[in-house]
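So the protein lines, in turn, are chains A and B. If you use this note's numbering, the first sequence closes out at 455, no skipped numbers anywhere. If you use this note's numbering, the second sequence closes out at 455, no skipped numbers anywhere.
Be aware that one or more of the hints could be misleading.
Said to hold, decoys possible - In silico lysine-lysine, BS3-like type, Cα no more than 25 angstroms apart, as pairs:
#  : chain 1 : residue 1 : chain 2 : residue 2
1  : B       : Lys420    : A       : Lys420
2  : A       : Lys420    : A       : Lys361
3  : A       : Lys292    : A       : Lys262
4  : B       : Lys292    : B       : Lys361
5  : A       : Lys361    : A       : Lys292
6  : A       : Lys92     : A       : Lys30
7  : B       : Lys453    : A       : Lys72
8  : A       : Lys292    : B       : Lys420
9  : B       : Lys453    : B       : Lys361
10 : A       : Lys292    : A       : Lys420
11 : A       : Lys453    : B       : Lys72
12 : B       : Lys72     : B       : Lys30
13 : A       : Lys420    : B       : Lys292
Worth flagging that the hints you see were computed from the coordinates, not collected in a lab.
Protein chains: 2
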Amino acid sequence: MKNVHIVVVGGVASGPAAVAEARRTAPEAKITLFERGPDISYSACEMPFLMAGQISRMERLIRFTPEAFADKYTADVRTHQEVEFIDAASRKIRYRNLKTQEVSSMAYDRLIMATGARANMPSTLASSTKDIYVLRSLDDVRMIERVILRSSIRHAVVIGSGYVGLDAAWALKARGLRVTLLSPSGILSPTLPSAMGQIVKEHLQSAQIVVRAERASSVEKAGDGRIIAILTDKGEKIGCDFVLVAAGTAPVADLGAQAGLKVGVNGGILVDDQMRTSVQGIWACGDCTERKELIFDATIRAPLSLNAFRSGRVAGRNAARSGRGRPATIAPLVHAAALGLGTLEIAHTGWNLEQATSLGKNVVSATIQSRTASAMASNSPVHITLVAERDSRRLVGGQIVGGAGSAQRVNVLTTLIRAKGTVEDLYNVDFVYAPSLAPAHDPLFVAARTLQKSL
Amino acid sequence: MKNVHIVVVGGVASGPAAVAEARRTAPEAKITLFERGPDISYSACEMPFLMAGQISRMERLIRFTPEAFADKYTADVRTHQEVEFIDAASRKIRYRNLKTQEVSSMAYDRLIMATGARANMPSTLASSTKDIYVLRSLDDVRMIERVILRSSIRHAVVIGSGYVGLDAAWALKARGLRVTLLSPSGILSPTLPSAMGQIVKEHLQSAQIVVRAERASSVEKAGDGRIIAILTDKGEKIGCDFVLVAAGTAPVADLGAQAGLKVGVNGGILVDDQMRTSVQGIWACGDCTERKELIFDATIRAPLSLNAFRSGRVAGRNAARSGRGRPATIAPLVHAAALGLGTLEIAHTGWNLEQATSLGKNVVSATIQSRTASAMASNSPVHITLVAERDSRRLVGGQIVGGAGSAQRVNVLTTLIRAKGTVEDLYNVDFVYAPSLAPAHDPLFVAARTLQKSL
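Take the sequences, apply the hints, and build the full model.
Structure below.
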């Protein structure tokens, strides 16, 4: 594998994982990492800690500086350089130095796409994006920090109530700002059943975050260009001086699509279980991809840290391997995610009732309310919804909102789903019981029993 | 099923569960429940809360009084009555009223043994048992309360450092007593690897519980009969005024053995997956039984609350069924247990390295130390040992000691073990990540990766 040249496009999470694994696989390979921004190898999921003022130094989020990474993995790390064109036939890329605007080209032997995802911007706000912030990159946080520190922000409006929106709203509130969250279709909808969304809403309200069921229709600005209000679809005007949009993300797949890579129904670069794209010599990993999930064999995106790491490892290994032995493979996905908001834990795995039904599946769900521990001990409520296929009785998803231990319980469900387990398998789990840690009948056991009765 | 008479022997946990399920199965059956003590249907696992003074009323531990239970399940509940003899051939029992010493006999059609387990008493202390306390029944706690309240106890010695010993020592310390724990072979040995036992030991010590690696050899008493010291095998004399023995339990199987029920290698009544004993017309459930476990097909005891409930349900159902349809079955066991000691969580599942090796299995283990959450958030150490079969790569056990979420993580391992999953299956779990709830690489994921390298 001497002299093989591996080019990796994108340096946040899966790109660096791919480089590291490629280096382990092919000690002699030449590896080049392109990143359009100034930073590589950082923890995007922890940026809210910075916004909340809970950590003060941005450097804590950075695992490797470009220099340290280049040194550790003997890679040519090129920040502020954007790959603009891929010629897959001749295996060449064209890239631009974003500081000098100089355009150059480079040959590759194997290419790994790790271009990530970008924040969605509602069309109604698209014309005002200059003054509206998103939370995708470390550079976004730098800008947010600058505006918060500079202009004595008092009232922030967060648009979107998915995991990122809630996380950001909570962080801004912790920072001491007044926070209004716009949630036109319900908190964490459609991920959580609406009754669970309501519980989260009450938790946000108890933390003095104002939640409004309105959609932002436009932004009002002062003469000096500063935002002074959000106008909503209900004709309301919400005075504010800071707007953060968290309206979901979309895979950055245009560069790949231009190179002929097949793109899936969710807009991501389609990859197989070796993280191969549809074009020979090109792999892809992380947030820019979509691939098979385990439960219904559907194609989904999983823009999550662990998937970025794991898929990056597989892409890096396979791009760097000499062709001897078996290629590395990745297991089909189960989509699972969690969020902590103070004492409340929110988590889900697999499909919810609505999603599974819309896929044409005959599914049943059951919801229970229980407690995280024995009534004798400190405990809090926990709400669980389980979803199972009616005929096979296979568990296909679960949503949990509650106190300590709720998120870890979702990992139990994910493990069971991966094993294609049924509701009976969940009932049969030998759940541990210790009064201060879990009630005699674990909430998951109670949920399994309840769902058994509905099946 | 009219006029069928079901007799249940033992009323703490699995007995009442059996009665309840038998009643649901056969609304017309006659059901009699015998209990030698004064109480039925209580939560033995929560008795330490009472000892710790964290709850004040014993009634909180009681789910049903005998009267309320009799009323709810239309059962003849006989407390203070001990079954002394079973004539399985003629389906008759002989029992004694422990208050009047009157002996009577009664015919049954189906019999369910739920006689539980008794506390082991080291032979060196057997002659002094009158003044030594154990923690098995509500009546034990009544006696302990009486002596603590009456005689201004100052220094308690707890003999034994398994789950119950630790739980009791922690509770007595919380009550304000000076506490010494005798742990001759190491804390939670052999359940936990000794390095993990050491972590628990340091935690106990940080709570001012004195831990001594000595064995109690005898008790020294004052002229008035009160305990004044424990003498140890190292010739030491530990002045104390209260002794609690927590040296494990043994199934109460003598009554069953006398009736011809087969008893297993662990001394428990052998039952199959329908909770049938070796004798027609007799079922058994709960702490007095032993049965197949899932991993190596060994026969084990699982004196645990959830097993009592589940096995009681199955025994009750099958004893009460008319013979139509399929009998209820119970899944093979995976032994899993947990304990919370303040901020420290201890849990294990399946087999440890030593146990599996002694069963002749070729197993490998790996131990990691990680954190319960991201370094940015509040987090604590967590130590995980995983054990897997070398050839099949199947996970066969795990032990965890650490901060919040450690015990719930053991449920993930149990779920995987039940599904006969491999270390790769554990690596593949889509663990949730939220900085305040779990690090980007969950400790279980880290442990799986480490064990992969050892296999």
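Verification of the supplied hints:
1. A C-alpha spacing of about 12 angstroms is found between B:Lys420 and A:Lys420, which places the hinted pair at or below 25 angstroms, so the restraint holds.
2. Restraint check: the Cα-Cα separation between A:Lys420 and A:Lys361 comes to about 16 angstroms, which is no more than 25 angstroms; the hinted pair holds.
3. With a CA separation close to 14 angstroms, the supplied pair A:Lys292 and A:Lys262 stays within the 25 angstroms bound.
4. For the given pair, B:Lys292 sits about 17 angstroms from B:Lys361 by alpha-carbon distance, which is consistent with the 25 angstroms threshold.
5. At roughly 17 angstroms between alpha-carbon atoms, A:Lys361 and A:Lys292 fall within 25 angstroms of each other, so this suggested pair holds.
6. With a C-alpha separation of about 15 angstroms, the suggested pair A:Lys92 and A:Lys30 falls inside the 25 angstroms cut-off, and the hint holds.
7. At roughly 22 angstroms between alpha-carbon atoms, B:Lys453 and A:Lys72 fall within 25 angstroms of each other, so this suggested pair holds.
8. With a CA separation close to 23 angstroms, the supplied pair A:Lys292 and B:Lys420 stays within the 25 angstroms bound.
9. Of the pairs offered as hints, the one joining B:Lys453 and B:Lys361 holds, with about 19 angstroms between alpha carbons and a cut-off of 25 angstroms not exceeded.
10. Straight-line distance between C-alpha atoms of A:Lys292 and A:Lys420 comes to about 15 angstroms, which keeps the hinted pair within the 25 angstroms bound.
11. Of the supplied pair hints, the one linking A:Lys453 and B:Lys72 holds, its CA atoms being roughly 22 angstroms apart against a limit of 25 angstroms.
12. Pair hint B:Lys72 plus B:Lys30 holds up; C-alpha atoms about 14 angstroms apart against a cutoff of 25 angstroms.
13. As the CA atoms of A:Lys420 and B:Lys292 are separated by approximately 23 angstroms, the hinted pair is consistent with the 25 angstroms bound.
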